[in-house]
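These protein sequence lines are chains E and S, in that order.
If you number the first sequence the way my numbering does, the last residue is 188 and the count never jumps.
If you number the second sequence the way my numbering does, the last residue is 188 and the count never jumps.
Possibly wrong hints are sitting among the right ones.
No copy is singled out in the list; a pair is fine if it fits within one copy or between any two copies.
Under the rule of at most 25 Å between Cα atoms (straight-line distance), these lysine-lysine pairs were calculated in the PhoX-like manner [stated by the list, open to error]:
| id | residue 1 | residue 2 |
| --- | --- | --- |
| 1 | Lys148 | Lys180 |
| 2 | Lys6 | Lys180 |
| 3 | Lys6 | Lys26 |
| 4 | Lys65 | Lys26 |
Note that these hints are calculated values from the structure, not bench results.
If you want the building blocks of each chain, they are given just below.
Number of protein chains: 2
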Amino acid sequence: MNETIKTILLRRSIRAYQPRQIEDEKLQEITLAGQYAPTAMGQQPWHFTVLQNPDLLENLQLQCKSLFLHSDNADLRALALREGYHVFYHAPTLLIVSGDCKAITPLQDCVLAMENMLLAAASLGIGSCWVHSVVMLCGSDEGAAAFKSLGLGIPEGYVPHAAAVFGYSAIPLPEAEPRKTQRVNVVR
Amino acid sequence: MNETIKTILLRRSIRAYQPRQIEDEKLQEITLAGQYAPTAMGQQPWHFTVLQNPDLLENLQLQCKSLFLHSDNADLRALALREGYHVFYHAPTLLIVSGDCKAITPLQDCVLAMENMLLAAASLGIGSCWVHSVVMLCGSDEGAAAFKSLGLGIPEGYVPHAAAVFGYSAIPLPEAEPRKTQRVNVVR
Numbered sequence: 001m002n003e004t005i006k007t008i009l010l011r012r013s014i015r016a017y018q019p020r021q022i023e024d025e026k027l028q029e030i031t032l033a034g035q036y037a038p039t040a041m042g043q044q045p046w047h048f049t050v051l052q053n054p055d056l057l058e059n060l061q062l063q064c065k066s067l068f069l070h071s072d073n074a075d076l077r078a079l080a081l082r083e084g085y086h087v088f089y090h091a092p093t094l095l096i097v098s099g100d101c102k103a104i105t106p107l108q109d110c111v112l113a114m115e116n117m118l119l120a121a122a123s124l125g126i127g128s129c130w131v132h133s134v135v136m137l138c139g140s141d142e143g144a145a146a147f148k149s150l151g152l153g154i155p156e157g158y159v160p161h162a163a164a165v166f167g168y169s170a171i172p173l174p175e176a177e178p179r180k181t182q183r184v185n186v187v188r
Numbered sequence: 001m002n003e004t005i006k007t008i009l010l011r012r013s014i015r016a017y018q019p020r021q022i023e024d025e026k027l028q029e030i031t032l033a034g035q036y037a038p039t040a041m042g043q044q045p046w047h048f049t050v051l052q053n054p055d056l057l058e059n060l061q062l063q064c065k066s067l068f069l070h071s072d073n074a075d076l077r078a079l080a081l082r083e084g085y086h087v088f089y090h091a092p093t094l095l096i097v098s099g100d101c102k103a104i105t106p107l108q109d110c111v112l113a114m115e116n117m118l119l120a121a122a123s124l125g126i127g128s129c130w131v132h133s134v135v136m137l138c139g140s141d142e143g144a145a146a147f148k149s150l151g152l153g154i155p156e157g158y159v160p161h162a163a164a165v166f167g168y169s170a171i172p173l174p175e176a177e178p179r180k181t182q183r184v185n186v187v188r
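From just these sequences and the hints, can you work out the full model?
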């Protein structure tokens, strides 16, 4: 098995982080990897936000937590009420990929870019975890307005489609849950 | 730069294929890689179809081509009219990832899985190209019915969210288009 496939199989969602920040040169490798994802008609219709400011991160995580607390979903409410729960798991970096609303498939393009970044990070020994709450927050008018008030410089007409936290894991690599491998059907 | 990041930066969308089929053991590595993508709440709400039957592939590509010919989009109509245009570029394998409509984020989960497979393929020297037309086809009632009539065994309640062709490239690795690297904003 080659290194790339090993990285893919060993990437895990990490939910506890050390406080130390990712080195800038590793961050650059990660965001460059994101930009090499395929996009419909090669449009590259995206904008990447790297959020490392502790106050803004905390402000945003409180908004996301509030979203969970007021959700219709009982699991999300229970999660938000859990002792010490932090939406970003105290990770020092949040990456957001926003897509141009006028593009052909902006959502897909942004998600593809994010997977590249999760894998690039894993290959560099950096943990990550997809956090869908940021995208959820921007899905409501009120949440989108609150998000915009943070002043992250996302261009007009772009909407967050993928978000994930990054940092050095504070825990050993978790075991993967068993895969549902019966779900592949080959038609010859 | 490590092997994983090299693979990410060297993956290209390949639009010309050799007729020879992918080896089964490589196909298994590719679909396994797909199944190690992250999913919301670890649901793995997906089903993978590997379509290698030449008649069914041709039937499906004709349906997709017809979709382009009758599209409102002039670029798609022009593409379908191009001499020798083949929606799947004569690739011997089409992979479709379908998502469970009842899952939390089935579209995102399927797209993440597909990026893993595009990268795993690239790491094995196998070319690939995202083909959105299959997903487009299933977006209309008529197209979805025609697609269903192929009998690919996609479970009830699952919808195709990502499709790509795979095979050995018939051309040298294309140069990447320049990246729009000014699109990264770091907020410290």
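Hint by hint, which ones does the structure fall short of? Hint 4 is the one this structure does not satisfy, whereas the remaining hints hold.
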